[in-house]
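> Sequence:
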Amino acid sequence: EIPQPLAIPLLKVAAHLELPPVATFAGLCLWNYRLIFPDEPADSLDNLATLFTFTGSMDEQWFYLVSIAIEARGARSIPLMLKAIAAARADEAAEVTECLTKFAEVVDEVNMELQKMYKHCDPHVFYHRIRPFLAGSKGMAELPRGILFDDGSGSQEYKHYRGGSNAQSSLIQFFDIVLGVEHRPTGESRPKPASSPLPTSSSSDESGEGRKRWHNFLMEMRTYMPGPHRKFLEHVSSVSNIQNYVQAHQSNTELVTAFNTAVAMVKAIRTTHITMVSRYIVVKSREERNTKVPTSSPAAATGLNRPESQPLSTPGGMLMSNRPSKGDKKAPLRGTGGTALIPFLKQARDETGEAAIGPWAKKLLDKAGVQAPKVTSLPKLDEHADGQKQIVGLAGTWSMDEGEGGLCHW
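Here the sequence shown is numbered in the working numbering, starting from 1 and rising by one per residue.
Hints are computed from structural coordinates only; laboratory data are not their basis.
Fair warning: this is a prediction, and the values are worked out from it, not measured in the lab.
Treat the hints with caution; some may be incorrect.
Unchecked claim - List time: in silico SDA-like cross-link candidates among lysine to any residue, alpha-carbon distance up to 20 Å:
hint : residue 1 : residue 2
1    : K159      : I8
2    : K83       : L171
3    : K12       : S153
4    : K231      : L218
5    : K83       : V236
6    : K83       : T257
7    : K116      : L45
8    : K159      : I147
9    : K83       : H249
10   : K231      : G27
11   : K159      : P132
12   : K284      : H16
13   : K159      : V22
14   : K231      : I78
15   : K83       : Q247
16   : K119      : D108
17   : K102      : I78
18   : K83       : F232
19   : K102      : L171
20   : K12       : I147
21   : K159      : M140
22   : K102      : D91
23   : K231      : H16
24   : K159      : E18
25   : K231      : L82
26   : K231      : I2
27   : K138      : A7
28   : K159      : L17
29   : K159      : L148
30   : K138      : I2
31   : K231      : D91
32   : K116      : K159
33   : K12       : V22
34   : K116      : S153
Let the hints inform the model, and build the full structure from the sequences given.
Here is the structure:
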């Protein structure tokens with residue numbers, strides 16, 4: 001329970017910012033930095049410093065700073081793509097092509113910033129020291145009823161909130177919206193071509209019909225964004241027309257190539273993120289399971305030192321929980337939306353490739369993934385939608401790379 005001296009001002013500030021009363025991406029990153037030298041670029045990690053951390057560690061500072069640098073570096077994409085939307089409406093193909101080309105370059109820079117996470121954020125420190133502070137109250141075994149904010153009214157109820165997550169970044173969702181990327185609930189297959197497809201977010205449907213497919217985990221994350229950010233995304237969703245414009249001008253090779261390159265760059269970010277999640281979360285979680293306290297020990301009996309009950313947070317990604325379900329001591333890692341973690345991330349990546357236009361582009365980007373340097377053979381070892389692993393032979397993969405996989409990955 002949060003007492004009145006804390007709850008009342010917290011609720012008032014949260015209401016003013018149009019945010020839930022919990023640590024969000026905006027509070028942890030967007031409003032938690034300063035420029036070391038105000039007259040130097042704001043998108044340089046060397047010129048950024050955090051205002052607050054829970055642990056005081058360089059690892060935690062770096063975790064936030066990389067996210068801040070990504071936002072600063074990617075900010076240039078917003079006026080670019082708004083210009084592209086206006087150009088498409090005016091049927092200026094050359095202008096749309098130029099904007100898409102520059103957009104792809106910006107997204108590629110964002111991906112390079114994300115890969116800097118490894119430089120000063122150690123997976124062990126992140127997993128064991130930082131992530132507990134980023135957890136919300138939703139899905140916490142220790143908080144089955146949630147949290148009660150005593151506002152003095154006497155009629156308050158227990159609330160559950162998710163923790164801070166980079167899925168709450170309006171920038172990444174902006175990338176999806178302007179390219180017409182659609183996300184479905186985890187495990188839901190793409191509608192077959194023969195069936196009547198649902199409207200896309202790029203349909204410029206003022207009624208909101210074009211956004212129905214977004215009612216999933218990523219849509220829920222918008223409620224954790226500052227109000228103006230959320231409203232901006234809603235407006236862009238209603239006017240985005242680039243994918244439809246490119247589809248109507250497939251004879252323009254340069255235009256189609258620029259669009260598909262942009263899609264490939266966004267998909268590459270998600271490929272990088274999957275590798276990062278594996279290193280910071282999947283591998284560390286398995287290490288923890290191998291050294292967990294036996295169920296017969298006093299600590300286990302009292303519920304102390306239970307790593308399975310703690311929520312997890314992924315660098316550059318989302319919070320998740322490895323709490324086992326009832327009757328299943330080896331339940332798969334699950335996302336905050338109640339979905340299996342790796343299947344969720346892989347589906348989001350594959351859905352990005354579905355936005356590609358043209359048979360060859362779809363063949364290269366849809367399911368196959370961006371042809372980056374091979375990190376793992378994980379796609380061949382797919383987790384099913386329920387999070388259970390598909391075992392192949394005695395071991396899943398024999399890759400020696402440091403990303404996903406490694407000797408006997410599963």
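> Hint by hint, say whether it matches the structure.
Consistency of the hints with the structure:
| no. | hint | result |
| --- | --- | --- |
| 1 | K159 <-> I8 | holds, 15 Å |
| 2 | K83 <-> L171 | holds, 16 Å |
| 3 | K12 <-> S153 | holds, 14 Å |
| 4 | K231 <-> L218 | holds, 15 Å |
| 5 | K83 <-> V236 | holds, 12 Å |
| 6 | K83 <-> T257 | holds, 19 Å |
| 7 | K116 <-> L45 | holds, 9 Å |
| 8 | K159 <-> I147 | holds, 5 Å |
| 9 | K83 <-> H249 | holds, 18 Å |
| 10 | K231 <-> G27 | holds, 18 Å |
| 11 | K159 <-> P132 | holds, 19 Å |
| 12 | K284 <-> H16 | violated, 39 Å |
| 13 | K159 <-> V22 | holds, 11 Å |
| 14 | K231 <-> I78 | holds, 15 Å |
| 15 | K83 <-> Q247 | holds, 18 Å |
| 16 | K119 <-> D108 | holds, 18 Å |
| 17 | K102 <-> I78 | holds, 11 Å |
| 18 | K83 <-> F232 | holds, 15 Å |
| 19 | K102 <-> L171 | holds, 16 Å |
| 20 | K12 <-> I147 | holds, 17 Å |
| 21 | K159 <-> M140 | holds, 12 Å |
| 22 | K102 <-> D91 | holds, 19 Å |
| 23 | K231 <-> H16 | holds, 15 Å |
| 24 | K159 <-> E18 | holds, 16 Å |
| 25 | K231 <-> L82 | holds, 15 Å |
| 26 | K231 <-> I2 | violated, 30 Å |
| 27 | K138 <-> A7 | holds, 18 Å |
| 28 | K159 <-> L17 | holds, 18 Å |
| 29 | K159 <-> L148 | holds, 6 Å |
| 30 | K138 <-> I2 | holds, 16 Å |
| 31 | K231 <-> D91 | violated, 27 Å |
| 32 | K116 <-> K159 | violated, 36 Å |
| 33 | K12 <-> V22 | holds, 13 Å |
| 34 | K116 <-> S153 | violated, 47 Å |
Figure legend: structure checked against the earlier numbered hints; hints not met, in rising order: 12, 26, 31, 32, 34.
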